[in-house]
Amino acid sequence: MKKYLAAGGVVAAAVLLSMATPAYAHRTDEYLQATMISLGRDHLRLQLRLAPGVAVFPVVLASIDSNGDGVLSLGEQRKYAERVLGDLSLTLDGSRIPLRLAASKFAEVAEMKDGLGEIELDFDAVVPSGGSQRRLAFENRHQSGISVYLVNALVPEDSTLRITAQSRSYEQQSFKLDYAQTGASPAAARIGSWPARGELTGYVGMVKLGMRHIAEGTDHLLFLLVLLLPAPLVAAAGKWGHYAGARSGARRLLRIVTAFTLGHSLTLALGATGVVRAPGAIVEVLIAVSILVSAVHAIRPIFPGREALVAGGFGLVHGLAFATTIAGYGIDAWHTALTVLGFNVGIELMQLAIVLATVPWLFALARMPVYGWLRTGGAMVAGVAALGWIGERAFVLVKLVS
Amino acid sequence: MMNAWRKNATRAVAVTTMLGLTATAAAAQTATGRVVRAARAFLTTLDSAQRQRVSFSFDDAKQRARWSNLPTRFVERAGLRMGELSAAQRAAAMTMLSSALSARGFEKVQQIVEGDEVLKQNERNNPMFGKDLFYVSILGTPSETAPWMLQFGGHHLALNITIVGEQGVLTPSLTAAQPALYTLAGKTVRPLGQENDKAFALLDALDASQRAQAILNYKVADLVLGPGQDGKTIQPEGLKVSSMNATQRAMLLDLIAEWSGIVHESAAAARLAEIRAGLDQTWFAWSGPTTHAEGRSGTSYYRIQGPNLVIEYAPQPLGGDPTQHVHTIYRDPTNDYGRKLTSR
Chain A
3 MKKYLAAGGV VAAAVLLSMA TPAYAHRTDE YLQATMISLG RDHLRLQLRL APGVAVFPVV
63 LASIDSNGDG VLSLGEQRKY AERVLGDLSL TLDGSRIPLR LAASKFAEVA EMKDGLGEIE
123 LDFDAVVPSG GSQRRLAFEN RHQSGISVYL VNALVPEDST LRITAQSRSY EQQSFKLDYA
183 QTGASPAAAR IGSWPARGEL TGYVGMVKLG MRHIAEGTDH LLFLLVLLLP APLVAAAGKW
243 GHYAGARSGA RRLLRIVTAF TLGHSLTLAL GATGVVRAPG AIVEVLIAVS ILVSAVHAIR
303 PIFPGREALV AGGFGLVHGL AFATTIAGYG IDAWHTALTV LGFNVGIELM QLAIVLATVP
363 WLFALARMPV YGWLRTGGAM VAGVAALGWI GERAFVLVKL VS
Chain B
55 MMNAWRKNAT RAVAVTTMLG LTATAAAAQT ATGRVVRAAR AFLTTLDSAQ RQRVSFSFDD
115 AKQRARWSNL PTRFVERAGL RMGELSAAQR AAAMTMLSSA LSARGFEKVQ QIVEGDEVLK
175 QNERNNPMFG KDLFYVSILG TPSETAPWML QFGGHHLALN ITIVGEQGVL TPSLTAAQPA
235 LYTLAGKTVR PLGQENDKAF ALLDALDASQ RAQAILNYKV ADLVLGPGQD GKTIQPEGLK
295 VSSMNATQRA MLLDLIAEWS GIVHESAAAA RLAEIRAGLD QTWFAWSGPT THAEGRSGTS
355 YYRIQGPNLV IEYAPQPLGG DPTQHVHTIY RDPTNDYGRK LTSR
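Here the protein sequences come in this chain order: A and B. First residue of the first sequence: 3, per this note's numbering; consecutive thereafter. First residue of the second sequence: 55, per this note's numbering; consecutive thereafter.
Since the hints were made in silico from the structure, they are not lab data. Every residue gets a Cβ at the ideal spot worked out from N, C-alpha and C, and that includes glycine. Hints may contain errors.
To be verified - Chain B side only, calculated, beta carbon under 8 angstroms to chain A, not exhaustive:
#1 PHE110
#2 SER111
#3 LEU124
#4 ILE269
#5 ASN271
#6 LYS273
#7 VAL274
Claimed, not checked - Here are some, though not all, of the chain A residues that point toward chain B, as calculated from beta-carbon distances under 8 angstroms:
#8 ILE148
#9 LEU152
#10 ASN154
#11 LEU156
#12 ASP160
#13 GLN168
#14 ARG170
#15 SER171
#16 TYR172
#17 MET370
#18 VAL372
#19 LEU376
Claimed, not checked - With a Cα cut of at most 27 angstroms, we get these calculated DSS-like pairs of lysine-lysine:
#20 B:LYS294 <-> A:LYS178
#21 B:LYS394 <-> B:LYS294
#22 B:LYS252 <-> B:LYS294
#23 A:LYS115 <-> B:LYS116
One chain only, chain A, in its complex shape (with noise of 0.2 angstroms):
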């Protein structure tokens, strides 16, 4: 008896309860922040779903909707995808990771509202190459004194990569991921891994590797293109004059491409083995400045007659980058060897072939007037594309450094 009566008490106290507190929507005072990770070898994707509730709503909608019409302006949500994404922080084995805005999607006013809508914002990361243990930290701050946070990982699609630990602090705010990276990256699996399948694949596909770079890297193409524009003309008081001649302007070619190759070379060995460590933001923004200069060189010449010195330490920039592509490949020093040789020769066949194919239209065309609009219009193509890349590099350096 006594049993039911304390049954009916609880049962009472529990009707009292609800019909004192309205119950209507999803959540009342909190701010869900639910973050999935994908891993990815070369490439991780973050998803963030972001549910207000009733309560908390009018704090966020005011961090949105900046002139508060009660709209969110395409212009507002990319601003607060920008401010979550400063709230966030990436790392990899101790090394920041930018991270890059892939899509967003808000929900109407109406339904966050009533603490039903969500935002949806996914970001994605280039991952960097390393050793095969990897640690992956994740920290989100954004609203957390109205937040409660969900962080997990999906398990990764990739088979070579496997999660060995995961640990989090009590409100789900950081987060840490320990991952196990097993036999080659998916580029290098299809071009023949170290050393499963034989030097000579891995040395062949290193090549590959190192030509495809090259054909794909739209930078790289660009800033060698440039180089060359004014190669077949002989400067004078401080404008771009005729055609030097076939012998001197191969001659003058020949040292471009060599001090270019020298440079790179140089940096990409001591990269890529671990002697020279650059921060990959820097080194981006700094090739976006070698467009520029180029770009302005082949207009109007501001270093002529000293090419070869500008290409070679620009080359000792580019293969820093390059550097980054390849690192972690190498198992032990000989095959960290064989790597750089084959990626460098890759390197080096493709820009043969990218010389083989431009420099007889360059030196055909530069005897006729009209490769002056052809120099000017390619240099000012090449240097609106580099004003764009310093822009945007720029902006991941600056995020990184505050």
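Starting from the known structure of chain A, fit chain B onto it as the hints suggest.
Relative to chain A, chain B alone:
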């Protein structure tokens, strides 16, 4: 005399055998045959406009995924709403649903629906809740051979039942309850009470080192793989079942059966066998208090995850009392909407 007795006995045996055969034949037909008959019967009670609204194409991906824990006012459902059906149509819909479910499964569903009615009354007749706001839909044509799907759901309930021949797949489905404890006609009802009580019993049955592995040292505020998260497999955590003894395993399977046993008996048996086969690679993870008040649900989250199974039980703070509000999800990431059986 002896002869007559023998004759009677022979007759009795013959009759019994025939009865037995008839019963067996009926049983062989029961599962899918029974559901198909009930579905056709329901369809014949509808007028043509209603039939059109209740029917969707089997591979209508949008309709498949049109379910949620949220009230129907916020996440609009399609199909036919219970409240717009006549008494006869509604009864036929319920017969169809009960034919696809086990007795306990149907009872659980009714208790969730009744709970929403209680919630409506608790909220001064809030028009957002109530048993009239549950929807039924049929994807494809009810058939004993070709695949089709039956959906029933609303606030705090989403059943997706894919029928392929004799097989019945209930994943993904969502059961939830608010209030998690109520009285109806003098009886105390806890729609998802077993899901709570059996889980705490299992946790109690673990030894100290197993518990240390099972209990996560962080808070889990909500379902990780709730509505909209079809086909995802997260990195599992907690205690691996391979280190559980026979008693603990039996308790775990009994807990899992609260979800896998919602569908009709033969489909449930096949599903449980599949889950049992993957038991060694299954994980049990817990977050929150390790005790609960007798006769009431606790406030702890748990997750059971195996090669073809995800179950999450997540008490909700909404309404002010997480013991009175819980969401659960039941999935097979390899077999959303019977994908494994229907894709060639």
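Hints, one by one, checked against the model:
no.: 1; hint: PHE110; result: violated, 24 angstroms
no.: 2; hint: SER111; result: violated, 26 angstroms
no.: 3; hint: LEU124; result: holds, 6 angstroms
no.: 4; hint: ILE269; result: violated, 13 angstroms
no.: 5; hint: ASN271; result: holds, 7 angstroms
no.: 6; hint: LYS273; result: holds, 6 angstroms
no.: 7; hint: VAL274; result: holds, 7 angstroms
no.: 8; hint: ILE148; result: violated, 13 angstroms
no.: 9; hint: LEU152; result: holds, 6 angstroms
no.: 10; hint: ASN154; result: holds, 4 angstroms
no.: 11; hint: LEU156; result: holds, 6 angstroms
no.: 12; hint: ASP160; result: violated, 14 angstroms
no.: 13; hint: GLN168; result: holds, 6 angstroms
no.: 14; hint: ARG170; result: holds, 4 angstroms
no.: 15; hint: SER171; result: holds, 7 angstroms
no.: 16; hint: TYR172; result: holds, 5 angstroms
no.: 17; hint: MET370; result: violated, 60 angstroms
no.: 18; hint: VAL372; result: violated, 56 angstroms
no.: 19; hint: LEU376; result: violated, 52 angstroms
no.: 20; hint: B:LYS294 <-> A:LYS178; result: holds, 21 angstroms
no.: 21; hint: B:LYS394 <-> B:LYS294; result: holds, 25 angstroms
no.: 22; hint: B:LYS252 <-> B:LYS294; result: holds, 18 angstroms
no.: 23; hint: A:LYS115 <-> B:LYS116; result: holds, 25 angstroms
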